[in-house]
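Chains as they are written, first to last, in the numbering used here: chain A, 726 to 935; chain B, 84 to 311; chain C, 25 to 299.
Honestly, the hints are just simulated from the structure, not real lab data.
A portion of the hints provided could be inaccurate.
[Unchecked claim] Cross-link-like lysine-lysine pairs, in silico, BS3-like; alpha carbons within 30 Å at most: (1) B:K109 to B:K146; (2) A:K894 to A:K828; (3) C:K68 to A:K850; (4) C:K68 to A:K832; (5) A:K776 to A:K750; (6) A:K894 to A:K918; (7) C:K252 to A:K850; (8) A:K926 to A:K900; (9) A:K849 to C:K68; (10) A:K787 to A:K926; (11) C:K68 to B:K150; (12) C:K293 to B:K150; (13) A:K776 to A:K918; (14) A:K828 to C:K252; (15) A:K849 to C:K247; (16) A:K849 to B:K149; (17) A:K832 to C:K176; (18) A:K828 to C:K176; (19) C:K293 to B:K146; (20) A:K830 to C:K68; (21) A:K849 to A:K836; (22) A:K832 to A:K894; (23) A:K829 to C:K68; (24) C:K176 to A:K829; (25) C:K247 to C:K68; (26) B:K150 to C:K247; (27) C:K176 to C:K68; (28) A:K900 to A:K828; (29) A:K899 to A:K828; (30) A:K830 to A:K894; (31) C:K28 to A:K828.
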Amino acid sequence: MLRICDLSKVYGRTVVLRGLNLELKDGIYCFFGPNGSGKTTLLRIISGFEKPSCGRVFFEGKEITGLSPQRIVKMGIAIAFQLPRVFWNLDVEQNIFLACMDKKKVKEVVKTFRLEEDVKTIAKKLSQGKIKLLQISMSYATNPRLLLLDEPFAGLDVGNVRLLIEILKELVGKKSMIITSHRPKLLRGIANKFFEIRGGKIAGSYENPT
Amino acid sequence: MISEIFTSAFYTAFSISILLCYRVGKILNLSFASFFTLGAYLSILNPLLAIPFGASAGFILHKLTKKLSIANATIFSLGFAIAIEEILRIYFRTEYIILPVQKITLFGEMVVGSHAISGLISTAFVTIFLCFLLSKKSINLRVMEEDLELAEIYGVRTERLRLIVLTITGTLIAFLGSLHNPGIVYPTLGWQYLIFSVIIATLANIFERAYLFAILFAFVITCLPKFF
Amino acid sequence: MLTKILLITLFLLFPLFLGYYTTFIALISIILGILTISWHFMEKEIGWVSFGHSVPFGIAAYLLALNPTLLFLTPFIFLIFLFFSFFGRRLFPFATFIASIALWNVSHYFVLNGKGGEEGFGVPFSMSLGNLYTLSMALLLFCYVFFEIISKSNLGLKIKAVRDDEIAAKSVGIDPIRFKIVGFFFSTTFASVAGVLHAVSFSHVSPSVFSPFYALFPFVVSKISFDKRWACIVGSFVIVSLSHSLSAFLPETHYILYSVVLMMIAVVKKNAENL
Ligand SMILES: Nc1ncnc2c1ncn2[C@@H]1O[C@H](COP(=O)(O)OP(=O)(O)OP(=O)(O)O)[C@@H](O)[C@H]1O
Ligand SMILES: [Mg+2]
Numbered sequence: 726m727l728r729i730c731d732l733s734k735v736y737g738r739t740v741v742l743r744g745l746n747l748e749l750k751d752g753i754y755c756f757f758g759p760n761g762s763g764k765t766t767l768l769r770i771i772s773g774f775e776k777p778s779c780g781r782v783f784f785e786g787k788e789i790t791g792l793s794p795q796r797i798v799k800m801g802i803a804i805a806f807q808l809p810r811v812f813w814n815l816d817v818e819q820n821i822f823l824a825c826m827d828k829k830k831v832k833e834v835v836k837t838f839r840l841e842e843d844v845k846t847i848a849k850k851l852s853q854g855k856i857k858l859l860q861i862s863m864s865y866a867t868n869p870r871l872l873l874l875d876e877p878f879a880g881l882d883v884g885n886v887r888l889l890i891e892i893l894k895e896l897v898g899k900k901s902m903i904i905t906s907h908r909p910k911l912l913r914g915i916a917n918k919f920f921e922i923r924g925g926k927i928a929g930s931y932e933n934p935t
Numbered sequence: 084m085i086s087e088i089f090t091s092a093f094y095t096a097f098s099i100s101i102l103l104c105y106r107v108g109k110i111l112n113l114s115f116a117s118f119f120t121l122g123a124y125l126s127i128l129n130p131l132l133a134i135p136f137g138a139s140a141g142f143i144l145h146k147l148t149k150k151l152s153i154a155n156a157t158i159f160s161l162g163f164a165i166a167i168e169e170i171l172r173i174y175f176r177t178e179y180i181i182l183p184v185q186k187i188t189l190f191g192e193m194v195v196g197s198h199a200i201s202g203l204i205s206t207a208f209v210t211i212f213l214c215f216l217l218s219k220k221s222i223n224l225r226v227m228e229e230d231l232e233l234a235e236i237y238g239v240r241t242e243r244l245r246l247i248v249l250t251i252t253g254t255l256i257a258f259l260g261s262l263h264n265p266g267i268v269y270p271t272l273g274w275q276y277l278i279f280s281v282i283i284a285t286l287a288n289i290f291e292r293a294y295l296f297a298i299l300f301a302f303v304i305t306c307l308p309k310f311f
Numbered sequence: 025m026l027t028k029i030l031l032i033t034l035f036l037l038f039p040l041f042l043g044y045y046t047t048f049i050a051l052i053s054i055i056l057g058i059l060t061i062s063w064h065f066m067e068k069e070i071g072w073v074s075f076g077h078s079v080p081f082g083i084a085a086y087l088l089a090l091n092p093t094l095l096f097l098t099p100f101i102f103l104i105f106l107f108f109s110f111f112g113r114r115l116f117p118f119a120t121f122i123a124s125i126a127l128w129n130v131s132h133y134f135v136l137n138g139k140g141g142e143e144g145f146g147v148p149f150s151m152s153l154g155n156l157y158t159l160s161m162a163l164l165l166f167c168y169v170f171f172e173i174i175s176k177s178n179l180g181l182k183i184k185a186v187r188d189d190e191i192a193a194k195s196v197g198i199d200p201i202r203f204k205i206v207g208f209f210f211s212t213t214f215a216s217v218a219g220v221l222h223a224v225s226f227s228h229v230s231p232s233v234f235s236p237f238y239a240l241f242p243f244v245v246s247k248i249s250f251d252k253r254w255a256c257i258v259g260s261f262v263i264v265s266l267s268h269s270l271s272a273f274l275p276e277t278h279y280i281l282y283s284v285v286l287m288m289i290a291v292v293k294k295n296a297e298n299l
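Just chain A, same shape as in the assembly:
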């Protein structure tokens, strides 16, 4: 499904990714690693928000390196940012509607993410945790085949973490996902494989979180 060849990313003098190779089949994958190891950068490159310094990315056999984020979303890859980016002056319903342009789908997504109480709330008035959920629900609403979740559990309380895990469990076998997290153990039983990223490279892959 996703193939990454020799991917490198350099900011000025700092090398963030150095020759990363990866081939993923359909499934759910967890990336973990220390702060600054390049997880976010990798996801941003896959979703088109960052151009790689060199290397190529293929999705379902087609090259997507250097395409604009809008094109990549339409091809079926959606990203939920680590720091949420939503439409601050629009309400939750409108936010999700913009992602799918389908009233029925909005109702369904709102129900899945338990945002019913807040459908008419302006995004900037939501709590941080709700904003995070909204961000994830928006990327989910674009109906992607590959969903990239960057630190989905950061900033959520226990209840919402449990809710999110339930949602993820339901998606097992239906959607492919790449999830980065500092708490890989949460994804036990959900993720098919765990990759450790260190110094901009895959440092190891595991069947179970350690």
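With chain A fixed as given, assemble chains B and C with the ligands onto it according to the hints.
Same frame as chain A, now just chains B and C with the ligands:
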């Protein structure tokens, strides 16, 4: 060529003032247009009057905008500019006033006398400012340009520095307005000089050493018509 | 919405029966009302504050005066704003303002076939006041309804999304530049319609169409109308009639009002990013 040099010195001083206000004072000072006009009107009474009036206008502008964001401060300066223009319009009660222009001969070239004086004053200002930039004291200015909050943490008295910048540039522009006799004075006179200088300042601001590039661009732009 | 439209129509019909001078003042207010509503869309929906809406307004007026066939150029005026949008939202107001002042100064030197310059150009055709009034009124109502519908439609929602966060827009598949262009296009096109009407009603175009009076008019009116679209029409009537009725005692009264509103807004709206 001599008159072009005077003119480019004049525009250099004007655009350096704009750059200083923008980079240090965090305001795109549109009031300069009316400070200039204020000076031009005061020159009818006495050119030296422009100094106290310019200084106090700059001071008032600083006091009223010191807590505003860059966009709001700029909008305020626009309102302030219009207010000064209207006061002038009401006080002098004429559409325009014609002033006599004297020409003098310098190195075999006819030059408008007042332009020579404003050019010399501008050159003096630019020279002093460049010397200041080379001195150690300019570090405060640099820090403030980079980051206002950081400057405060390092103990730079940012508010006082802003006051000094706005007052000195205000004085300079009003004084230049009173010296740079264009032959006719009307309430919206200053805008054309402001626009020209803003364009120079915008081009210069692209570069790290904006102040030096302001000199270059002012010279190039004023001398360009000479070559066509 | 229907009641609002009805009320506005009644309000606009009223001056038709009040004699030539009043009708003329009302006509100018209507024309500047179109300008204000187009500006209001730009600020509220697209999120760009322009202090240079006199640019499309004045350019369209000049094009009409030079040669009416040149009006085919008006749909491209948005390119000017698109260019200035590269300065960023913060500097956009001032970039457009400087552009309008620059045009104001330059247009004094614009001479063609011995005409133009400070005097300006005559407009090649004229219309009776009644007809012009009805036409402008219809266009104002159209403009109002058009923007009201757009801002409630999916297109409007996407434009607002781009206003709020371009990166978020990209992440759900909305092309920010495309919707910015569409928005700018609507706004500048209606501003140029206002410019054409203005030129016809004075049957004359002079450099003053680029003056700060027109450049800042929509901003001031929109602010004193508390950012309500329907109130912009009323606000436009208020400022135009104030400036005309007081001009006998105090020339250019509106500028005093402008300066007060500008300074007030700057102080009151403390931490507003887009004002
Ligand atoms: N725009 C940028 N300019 C310069 N350096 C950058 C930029 N973006 C990221 N970096 C650098 O890239 C490195 C990797 O950042 P990245 O956000 O990908 O790490 P991460 O693995 O997601 O970390 P975290 O666990 O903290 O989220 C960091 O050292 C950061 O300083
Ligand atoms: Mg990260």
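To test your reading of the hints: which numbers does this structure violate?
Nothing - there is no hint that the structure violates, so all of them hold.
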